[in-house]
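Trainee: So the protein sequences, as listed, match chains A and B. The first sequence begins at 5 in our numbering and counts up by one. The second sequence begins at 5 in our numbering and counts up by one.
Wrong hints could be hidden among the right ones.
It does not matter which identical chain is used: a pair holds within one copy or between any two.
Using 30 Å as the maximum straight-line C-alpha spacing, the simulated DSS-like pairs for lysine-lysine come out as follows [said to hold, decoys possible]:
{"#": "1", "residue 1": "Lys14", "residue 2": "Lys130"}
{"#": "2", "residue 1": "Lys48", "residue 2": "Lys8"}
{"#": "3", "residue 1": "Lys29", "residue 2": "Lys130"}
{"#": "4", "residue 1": "Lys50", "residue 2": "Lys19"}
{"#": "5", "residue 1": "Lys130", "residue 2": "Lys68"}
{"#": "6", "residue 1": "Lys68", "residue 2": "Lys134"}
{"#": "7", "residue 1": "Lys130", "residue 2": "Lys88"}
{"#": "8", "residue 1": "Lys130", "residue 2": "Lys11"}
{"#": "9", "residue 1": "Lys114", "residue 2": "Lys141"}
{"#": "10", "residue 1": "Lys68", "residue 2": "Lys138"}
{"#": "11", "residue 1": "Lys8", "residue 2": "Lys130"}
{"#": "12", "residue 1": "Lys29", "residue 2": "Lys138"}
{"#": "13", "residue 1": "Lys19", "residue 2": "Lys88"}
{"#": "14", "residue 1": "Lys114", "residue 2": "Lys138"}
{"#": "15", "residue 1": "Lys139", "residue 2": "Lys114"}
{"#": "16", "residue 1": "Lys88", "residue 2": "Lys14"}
I should point out that these hints are in silico values taken from the structure, not numbers from a laboratory. Treat the numbers as computed from the prediction; the structure is a model and nothing was measured.
There are 2 protein chains.
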Amino acid sequence: MYEKYVKLLKDHNLKITSPRLEILKYLDEHHTHPNVEAIYSSLKKKHPSLSRTTVYNSLETMEKNRIVQSLTISGSEHRYDLNKSLHHHFLCTRCGIILDIDIACPNMDKTLQGGHHVEEVHGYFKGICKNCQKKEKGWRTNG
Amino acid sequence: MYEKYVKLLKDHNLKITSPRLEILKYLDEHHTHPNVEAIYSSLKKKHPSLSRTTVYNSLETMEKNRIVQSLTISGSEHRYDLNKSLHHHFLCTRCGIILDIDIACPNMDKTLQGGHHVEEVHGYFKGICKNCQKKEKGWRTNG
DNA sequence: ATACTATTTTGTAATTATTACAATTTAGTT
DNA sequence: AACTAAATTGTAATAATTACAAAATAGTAT
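Using the sequences and the hints, build the whole thing.
Mentor: Right, here's the structure in full:
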């Protein structure tokens with residue numbers, strides 16, 4: 005059940021704790037790029053002793069170990085992602101959904117730019133998602 | 005003196021106001037990608053009646069009109085840029101400086117990705133800048 | 001199994017950035 | 001000079017995050 009998350013943590017010499025395992029499981033099962041509040045309020049149901057601060061702490065630790073990735077695209081909150089293969093993200097400014105965008109990008113795996121040591125690369129698109137456009141069209145047609 | 009900022013605002017049918025002109029001038033003269041606080045505290049000296057809220061309001065309006073650009077790279081605050089040619093950004097996680105990165109990128113001018121309507125494209129690199137690396141090396145050698 | 005210690009979790013109290021809002025002022029027009 | 005919509009201002013809220021200290025726990029050594 006939790007073997008793969010245990011392995012992930014062990015591989016980074018991190019202690020195996022319930023909050024960390026649950027957060028990893030949550031991210032693995034929800035590809036919604038949730039914010040802290042979403043993770044916290046969902047896990048809190050099954051684990052009432054969970055603290056919001058723990059979610060912050062755990063994510064911070066796992067981010068430092070590159071197990072999870074923090075997206076700053078929204079500008080008002082951090083949103084999280086299991087750190088799998090490199091990919092871009094799209095934020096819908098209408099509904100707030102963040103979607104994975106898999107496109108070729110020659111700059112994604114750079115470790116040096118302009119003489120600076122690069123540790124992270126982020127490609128963000130912002131706009132209106134397919135779904136929200138459909139909704140707006142529908143309303144306009146009906147109105 | 006302020007002609008070009010006046011023109012920028014006029015071209016977007018925005019009213020010509022002192023706060024807007026001063027903010028544009030500040031951004032034009034400081035390529036530091038400042039946050040609201042930096043802009044506010046600098047302008048406040050010469051214009052004591054300026055309100056922090058006005059800086060927020062002005063930047064919001066000018067961002068909607070694509071006169072300025074908001075960078076969310078830092079994750080804790082918005083940082084601003086005069087919206088000139090498309091380019092990437094590098095954030096130093098040590099000193100917080102944001103630098104322009106001019107590299108070719110085939111995805112920078114996309115208006116559609118995965119069927120979604122794209123209005124903004126951001127390319128962010130995070131890491132340790134040349135200068136901070138130099139400092140760290142120096143200290144270690146001397147220690 | 002037990003004891004030990006560093007790490008983690010937890011809850012509360014700050015802090016920081018940003019937004020809401022209502023009153024006043026002002027830009028652009030009549 | 002008067003008008004009106006928009007912008008500015010200050011204060012009060014809100015939202016996300018961090019600081020901190022006490023309690024609990026994981027992993028290790030005994």
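Trainee: All the hints need checking, so say for each whether the structure fits it.
Mentor: Now for the hints, and whether the structure bears them out:
1. Lys14 / Lys130: between (36 Å within a copy, 26 Å between copies)
2. Lys48 / Lys8: Result: close within a single copy only, 22 Å intra versus 54 Å inter.
3. Lys29 / Lys130: Both: 28 Å inside a chain and 27 Å across chains, each within 30 Å.
4. Lys50 / Lys19: Close inside one copy (21 Å), not across copies (54 Å); limit 30 Å.
5. Lys130 / Lys68: both (26 Å within a copy, 13 Å between copies)
6. Lys68 / Lys134: between (34 Å within a copy, 21 Å between copies)
7. Lys130 / Lys88: Intra 21 Å, inter 18 Å, cutoff 30 Å: intra and inter.
8. Lys130 / Lys11: This pair counts as between: shortest inter-copy Cα distance 27 Å, intra-copy 35 Å.
9. Lys114 / Lys141: between (40 Å within a copy, 22 Å between copies)
10. Lys68 / Lys138: Between copies only: 23 Å across, 39 Å inside.
11. Lys8 / Lys130: between (33 Å within a copy, 28 Å between copies)
12. Lys29 / Lys138: Answer is neither; intra-copy 33 Å and inter-copy 40 Å both fail.
13. Lys19 / Lys88: For Lys19 and Lys88, the Cα distance is within 30 Å only inside one copy (21 Å; across copies 47 Å).
14. Lys114 / Lys138: between (37 Å within a copy, 20 Å between copies)
15. Lys139 / Lys114: The answer is between: 23 Å across copies meets 30 Å, while 39 Å in one copy does not.
16. Lys88 / Lys14: Result: close within a single copy only, 17 Å intra versus 46 Å inter.
Violated hint: 12 only; the structure is consistent with all others.
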